[in-house]
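Using the hints, position chains B and C against chain A.
Chain residues, written in single-letter form:
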Amino acid sequence: MTERLLEIENLCVAFPTRSGPVYGVKGVTMNVARQERLGVVGESGSGKSVTALAAMGLVQSPGRVVGGTVKWRGRSMFDKAEAADIRGRDVAMIFQDAMVSLNPLMTVERQIGEVLMKRRGYSKTHARRRAIELLEMVGIPFPAERLKQMPYEFSGGMRQRVMIAVALASEPELLIADEPTTALDVTIQAQILELIRELSDHLGVAVMMITHDLGVVAEFCDRVQVMYGGRVVERAPVEPLFAAPYHPYSAGLVASSPRVDVVRDRLTSIAGDPPAHADAVPGCPFNPRCPEANDRCRVEAPPLLELQDRRWAACWRRAEEYGLAERSHGLDETAEVAT
Amino acid sequence: MTDVAITAPTTTVSDASPLRTLLHDLLRSGTGLVGAVVLLLMIGAAVFAPWISPHDPAAQDLSSRLQPPLFWGGTFEHVLGTDQLGRDLLSRLLSGARLSMLVAVAVVAIAGGFGTTMGLIAGYRGKTTDAVIMRIADMQLAFPGILLALVILYAIGPSASLLIIVLSINGWMVYARITRSLVLGLRKSEYIEAAEISGAGPARIMGRHILPNLVSPLLTLSVLEFARIILAEASLSFLGYGVQPPNASWGLIIGQGQDYLTSAWWLVTIPGVVICITVLSANLLASWLRIHTDPKQREKQLGRQLDALVVEIAKERT
Amino acid sequence: MTHAEAAVSSPAADDGAPTPSSSAPPIMKATDLTVEYVVRGRKAGKRTVSAVDHIDLEVRPGETLGLVGESGCGKTTTGRALLGRVPLASGRIEFDGTDITRYSKRQWRELHRDVQLIFQDPYASLNPRLTVREIIGEPLKLHGVARKGEPLRQAVDELLDMVRLPRAAAERYPHAFSGGQRQRIVIARALALRPRFVVADEPVSALDVSIQAQVIGLLQDLQRELGLSYLFIAHNLAVVKHIADRVAVMYLGHIVELADKVSLYRQPLHPYTQALLSAAPIPDPTVQRPERVILRGDPPSPIAPPSGCRFHTRCPLAIERCSVETPPLLEVAPGHRTACWVVQETAVPLPSAGAPA
Chain A
1 MTERLLEIEN
11 LCVAFPTRSG
21 PVYGVKGVTM
31 NVARQERLGV
41 VGESGSGKSV
51 TALAAMGLVQ
61 SPGRVVGGTV
71 KWRGRSMFDK
81 AEAADIRGRD
91 VAMIFQDAMV
101 SLNPLMTVER
111 QIGEVLMKRR
121 GYSKTHARRR
131 AIELLEMVGI
141 PFPAERLKQM
151 PYEFSGGMRQ
161 RVMIAVALAS
171 EPELLIADEP
181 TTALDVTIQA
191 QILELIRELS
201 DHLGVAVMMI
211 THDLGVVAEF
221 CDRVQVMYGG
231 RVVERAPVEP
241 LFAAPYHPYS
251 AGLVASSPRV
261 DVVRDRLTSI
271 AGDPPAHADA
281 VPGCPFNPRC
291 PEANDRCRVE
301 APPLLELQDR
311 RWAACWRRAE
321 EYGLAERSHG
331 LDETAEVAT
Chain B
1 MTDVAITAPT
11 TTVSDASPLR
21 TLLHDLLRSG
31 TGLVGAVVLL
41 LMIGAAVFAP
51 WISPHDPAAQ
61 DLSSRLQPPL
71 FWGGTFEHVL
81 GTDQLGRDLL
91 SRLLSGARLS
101 MLVAVAVVAI
111 AGGFGTTMGL
121 IAGYRGKTTD
131 AVIMRIADMQ
141 LAFPGILLAL
151 VILYAIGPSA
161 SLLIIVLSIN
171 GWMVYARITR
181 SLVLGLRKSE
191 YIEAAEISGA
201 GPARIMGRHI
211 LPNLVSPLLT
221 LSVLEFARII
231 LAEASLSFLG
241 YGVQPPNASW
251 GLIIGQGQDY
261 LTSAWWLVTI
271 PGVVICITVL
281 SANLLASWLR
291 IHTDPKQREK
301 QLGRQLDALV
311 VEIAKERT
Chain C
1 MTHAEAAVSS
11 PAADDGAPTP
21 SSSAPPIMKA
31 TDLTVEYVVR
41 GRKAGKRTVS
51 AVDHIDLEVR
61 PGETLGLVGE
71 SGCGKTTTGR
81 ALLGRVPLAS
91 GRIEFDGTDI
101 TRYSKRQWRE
111 LHRDVQLIFQ
121 DPYASLNPRL
131 TVREIIGEPL
141 KLHGVARKGE
151 PLRQAVDELL
161 DMVRLPRAAA
171 ERYPHAFSGG
181 QRQRIVIARA
191 LALRPRFVVA
201 DEPVSALDVS
211 IQAQVIGLLQ
221 DLQRELGLSY
231 LFIAHNLAVV
241 KHIADRVAVM
251 YLGHIVELAD
261 KVSLYRQPLH
271 PYTQALLSAA
281 PIPDPTVQRP
291 ERVILRGDPP
301 SPIAPPSGCR
311 FHTRCPLAIE
321 RCSVETPPLL
331 EVAPGHRTAC
341 WVVQETAVPL
351 PSAGAPA
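Chains as they are written, first to last, in the numbering used here: chain A, 1 to 339; chain B, 1 to 318; chain C, 1 to 357.
The shape of chain A in the complex, shown without the other chains (with noise of 0.2 Å):
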């Protein structure tokens, strides 16, 4: 069993509106182990960015987690102080814009320097030259030339390894990957999922890369947890998922997902809309488009089950199949988490 690093049990967060209180993220359970590479993938309305910056304690006001824990090995994540201290040295988050997350009025040298020299000691000399040999690992040119510049003087994708370089810097054990490429264009997007891969393997750093797109997922992740309507639907390692998945909403995922090497397929879509919160449909929150629900799947939400090994999804259907559906579970009985 690997350790495990980041565990996030029975997540509910939530955010006001005018008629209420709304749940972004309901009763979500995952974990990252060492060096393992998960993919959490889901579309507008699914959680999953929000999942990630609860887990960090980033949730922005005006939204509230309002149950559940976060742990990063043991210790809670909703402590300030705890969180503080591990955000940023032990867990690593980059986003989908670099010019957004990077402060526009520092040098780049700073901006790393600063993670060096807070969170791991570092000397000014010694950051430097740390400094130059991280931009170097990310693969930007010049590097020394380039740490006297700023942020907007970078392109998108220079960009984004920087960030990528000050998130490397504080040698965290986890990097949380938020869309990290969605923004840049696609040749830009293979070399920095190539060079993520590259430093994960390296560095020994364990990578959960958020995304909409399973063709990043397939190509990059070890796990997956596919997350629809604020809850994890379906979670089984990579190649399984994509051979054989048991939630409806990833069968139809997989089969809409369009496809460069193949000339003549079909593509197929999922009819309806996602939801955009996890209270907006009752019982399943993929009932009212899934062809295969039936009375239960429209009144009450399902678990997620471990209906064979490593192989969890929330669905009725399938976990009658399983004989599994007899079990009734509340929000705050989620089944136990394996690795």
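Please keep in mind that the hints were generated in silico from the structure rather than gathered at the bench. Quick caveat: nothing in here was measured; it's all calculated off a predicted structure. Here a beta-carbon is modelled for each residue, glycine too, at the ideal position from N, C-alpha and C. There could be a bad hint or two in this list.
[Said to hold, decoys possible] Chain C regions said to be covered by chain A (calculated; three or more residues, Cβ under 8 Å):
id, stretch
1, 47-59
2, 113-121
3, 124-130
4, 204-216
5, 259-265
6, 282-291
Structure of chains B and C alone, referenced to chain A:
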């Protein structure tokens, strides 16, 4: 493919037009509602003044001069007292309200209408038109407003209509600048481009597509300007260059009462308080409007509501 | 549930769809099209940037031409140029045989009955203060097709039916709808005047993957029903593949490859196209991919494009000639054009039979 049912994306979305939602929020707010109600009362009083005045505001009664208000030892006959000519203060205030409000509303309408139009044209047309209009506005802003007003009123001779004209000339620039910058922000919106490709001309785009999206910030501005004009008119009338007797306005009433500050303090204080209350209500309403028509601000407000809810939810689950 | 059926190596089978006529004159034709911007550089005064640099393209009646490229390649500008929204530095545009290059604003207004645009962002392209009826009805009103009352109501209802939205949608505001539904409203508005040529500017890029296919399917159905021709602009080759008949690939203002769909995807000739296809991640962890072509460096800035072939600085095949002379777009196989010295100099005669036309 099957028909796609409309799924409202969140429970927060109502089908009502933006205006109805705003009214609904107003009724549930605190200070905003107070401001709105008081303001409405003031305006109502002004409108219905002739019918609700206990006395003729111009009626002099030298036998009852300088009577104190009810709470200072006066009678029900003159609830707020009388002035040096025996005229009932309450009636005068009501009649003055008419003129003060009229001036304020007229100026907001004229200056607002003109300024907004200028701002729309400047923002939409851009380039030279924009530069010319804005430079004119800048030049006018550089002049001290009240001073200019005084000079004109003195030179030509003060009157309510001239007052309106002068205050409008001084007041359009702020509308133009704000409208222009809002338009610049919206100018490149895709729905504007879509309208252009659908065949809409500049007038239609400005009127139908841009202007409705400016209503919220302009409404806030108008309410604030209303308050400012009330004060400006009061100041000018106080100095004797605004509304002239026998007409009454709040500022004029104060002006005429200043000689009796020590003997009949109510002649100055009560109109002053009334002006204060009006301006304060307008500001309360404007503050509320500003918050509630800006989505980001509204979120912060809602966030505070949620904290209380979090505690409740936590209690439920234990 | 099964995946899409792969058919990479099976011989070309006609999928039954009517092929767009290739003998009729093109409905939209651009020759030597150039669009320039003036940029005030930080260092040396004004520079002229060619966003679109002397390109030729044509769309045949009833066909979909895909226009693909990454950011800064000029695809959006090309689309806008065909709508008369940007001034041309050079070139000629012909719509259904008529030269529309120097059309005035008023002429363009009339032409927009035949030439329309579908926008990328369904959240920004609908006026939040207007109801759906007002939005869709606007072009009808402005062109006098249906000004008010019953004719307008009927026309709007018809359009809602066409895009498969319920008629009740007409009285609501855009914020009540999801992204996919909004995009349908955008499409309804674009088709209100029954245009013949539509520029679809990244119409599904802002939508969730499971919804993209719905909208693409709708566009295809409408194309058949109404006899439309599309210029489908996208940055994603996988998405374009399903709707396009032919595909043009752009790089920094130039068209570097132009071919019918099957040829392009099966046998991309230009190294940039190869890189694009190679870079696209495939949603299948078991697929064996050929060694990925990873381009070095960043796309050069359009302000200071490389000399000669604009792609040479990142091209794995570049030879000396590439940095000196810009290669023209030439046909190297039937229906397959590419702008690459290396390919042109080593071009072999026509490929074997069995390759689909």
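Hint-by-hint comparison with the structure:
Proximity of the stretch 47-59 of chain C to chain A, defined as three or more residues with a beta carbon under 8 Å from a beta carbon of that chain, is not established by the 0 residues found. Coverage of the stretch 113-121 of chain C by chain A is violated [criterion: at least 3 residues with CB-CB distance below 8 Å; count 0]. Coverage of a stretch by a chain is defined here by at least three residues with a beta carbon nearer than 8 Å to that chain's beta carbons; for the stretch 124-130 of chain C and chain A the count is 0, and the condition is violated. Residue count for the stretch 204-216 of chain C with a Cβ under 8 Å from a Cβ of chain A: 8. That meets the three needed, and the coverage hint holds.
As drawn, the stretch 259-265 of chain C meets chain A at 3 residues by the rule of a beta-carbon pair under 8 Å; at three or more, the given contact holds. A count of 7 residues in the stretch 282-291 of chain C with a Cβ less than 8 Å from any Cβ of chain A is obtained; the coverage claim is therefore met, three being the minimum.
Hint compliance for this structure: hints 1, 2 and 3 are not met, and every other hint is.
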